[in-house]
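Enquirer: Sequence:
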Amino acid sequence: KAVEQACEDAGLQLLQLVEEPVAVAMQYGAGQEAGDQALLVVDVGGTGTDVTVVTSSGGLLAVAGSAHTDEVSGQALDMVLATHFAKEFQKQSGIDVLAEKDPRPARKLLQAVEVTKRTLSAAPTAPCAVESLFNGMDFSSTITRTRFDILANKVYAPLADVIDRALAAAGYSSRQIDQVLLCGGAARVRKLQMRVALMFPESTVVRDDAGELDELAASGCAAQAALIAHGKVELSREAVAAPVLARPVGLQLTADQLVPVLLKNTPLPASRSIKVALPAGEKRAYVAVSEGEPIPPPSDDDDDDEDEEDKEDEDEDEDEPARYRPSKLLAEMVLELDAANAATRIEVTFFADSNAKLTVTATEPQSGKSITAEIPAASN
Numbered sequence: 001k002a003v004e005q006a007c008e009d010a011g012l013q014l015l016q017l018v019e020e021p022v023a024v025a026m027q028y029g030a031g032q033e034a035g036d037q038a039l040l041v042v043d044v045g046g047t048g049t050d051v052t053v054v055t056s057s058g059g060l061l062a063v064a065g066s067a068h069t070d071e072v073s074g075q076a077l078d079m080v081l082a083t084h085f086a087k088e089f090q091k092q093s094g095i096d097v098l099a100e101k102d103p104r105p106a107r108k109l110l111q112a113v114e115v116t117k118r119t120l121s122a123a124p125t126a127p128c129a130v131e132s133l134f135n136g137m138d139f140s141s142t143i144t145r146t147r148f149d150i151l152a153n154k155v156y157a158p159l160a161d162v163i164d165r166a167l168a169a170a171g172y173s174s175r176q177i178d179q180v181l182l183c184g185g186a187a188r189v190r191k192l193q194m195r196v197a198l199m200f201p202e203s204t205v206v207r208d209d210a211g212e213l214d215e216l217a218a219s220g221c222a223a224q225a226a227l228i229a230h231g232k233v234e235l236s237r238e239a240v241a242a243p244v245l246a247r248p249v250g251l252q253l254t255a256d257q258l259v260p261v262l263l264k265n266t267p268l269p270a271s272r273s274i275k276v277a278l279p280a281g282e283k284r285a286y287v288a289v290s291e292g293e294p295i296p297p298p299s300d301d302d303d304d305d306e307d308e309e310d311k312e313d314e315d316e317d318e319d320e321p322a323r324y325r326p327s328k329l330l331a332e333m334v335l336e337l338d339a340a341n342a343a344t345r346i347e348v349t350f351f352a353d354s355n356a357k358l359t360v361t362a363t364e365p366q367s368g369k370s371i372t373a374e375i376p377a378a379s380n
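Okay, so the sequence shown: first residue is 1 according to UniProt numbering, each after it adds one.
Everything labelled a hint here was simulated from the structure, so no lab data went into it.
Where a beta carbon is used, it is the ideal one built from N, C-alpha and C, also for glycine.
Be aware that one or more of the hints could be misleading.
If you anchor each label on the Cβ, the simulated ranges turn out as follows [what the hints assert, rightly or not]:
id, residue 1, residue 2, range
1, Asp138, Ala168, 45 to 55 Å
2, Val115, Ile228, 31 to 41 Å
3, Glu374, Gly58, 38 to 48 Å
4, Glu332, Glu202, 12 to 22 Å
5, Ala129, Arg190, 39 to 49 Å
6, Arg107, Ala223, 34 to 44 Å
7, Ala339, Ile274, 20 to 30 Å
8, Gln92, Pro296, 32 to 42 Å
Please construct the entire structure, taking both the sequences and the accompanying hints into account.
Expert: See below:
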């Protein structure tokens, strides 16, 4: 509403709203890949960091969950450098420019260290030079990337917490994230990128290759505007983000085993199919559709007595997808099979419309026989 009001006050025509993390994901090419993907957008801006889980399915993007912190920011990193160089200047001159009543020396130093910070993203050493920093005295020094990283450790530390909170809000684990998309000017800092990457398995790709990191949201919005201008997308003033499925649904195999077909936060509408093998000579196929919930991983206490070999096996299994168990039975169907065709499998298709109404169809491909269950949105 605030954006709409600002556009109206400025006399600008508002065509469409795009959520910032969705715009960033679009600029990285999200939605163009086949299949489903879970993306984590880490936006390290001047005054804070926003972490958002964005799901991509069939060209549709949706925000699944997010978290924010003011502790990790470009300004916080600038202050780390400014404090370091202010102490050096104080040793030379006896003057603490950050404590002076006149704010101009501090502003000069902060402007200079912003360039130093950016240089350290590309080089192992960077200079900091300020002409006439205080009472005509010039200042010049250098700092290594290693020294900067040591000083900035306290700024990097809260990254793990804000990422964990965003994942928890979306109901995801780090193993389920396919790509981490970095944006924001401060996301250029190499140590910050490394700290983010360490939170995910090696199979998760951490990207910063979509252009100027502090311009990605604007570039994504511009790309969407181009599509609107050329009539390639439907014009709507609603925010560009699809509705999502609130809970995972799939086939219930046993009382404690579920094969998920549509995962939580799948952008809607969505359709998925799964093939199910049948025992030889089967005359009927029983299909149970259920909501699911992830099976929690074993607690650390359960692993205390494991030997080194068990721990190595556990490390190898780190990238396995999450397992699910049934939480609520939604529908049951029995498909009568054609005995003459000796069916060996059936295909079960799940379709959820934009209102989350679920339609499940079981089909025996050889005979074409099928049965369908419709599940209202309120039930799933």
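Enquirer: Compare the structure with each hint and give your call.
Expert: Now for the hints, and whether the structure bears them out:
1. Asp138 to Ala168: 45 to 55 Å: holds (50 Å)
2. Val115 to Ile228: 31 to 41 Å: Since valine 115 and isoleucine 228 have Cβ atoms about 37 Å apart, the given range 31 to 41 Å holds.
3. Glu374 to Gly58: 38 to 48 Å: violated (21 Å)
4. Glu332 to Glu202: 12 to 22 Å: violated (42 Å)
5. Ala129 to Arg190: 39 to 49 Å: violated (22 Å)
6. Arg107 to Ala223: 34 to 44 Å: holds (36 Å)
7. Ala339 to Ile274: 20 to 30 Å: holds (24 Å)
8. Gln92 to Pro296: 32 to 42 Å: violated (57 Å)
Hint check: violations occur at hints 3, 4, 5, 8; the rest are consistent with the structure.
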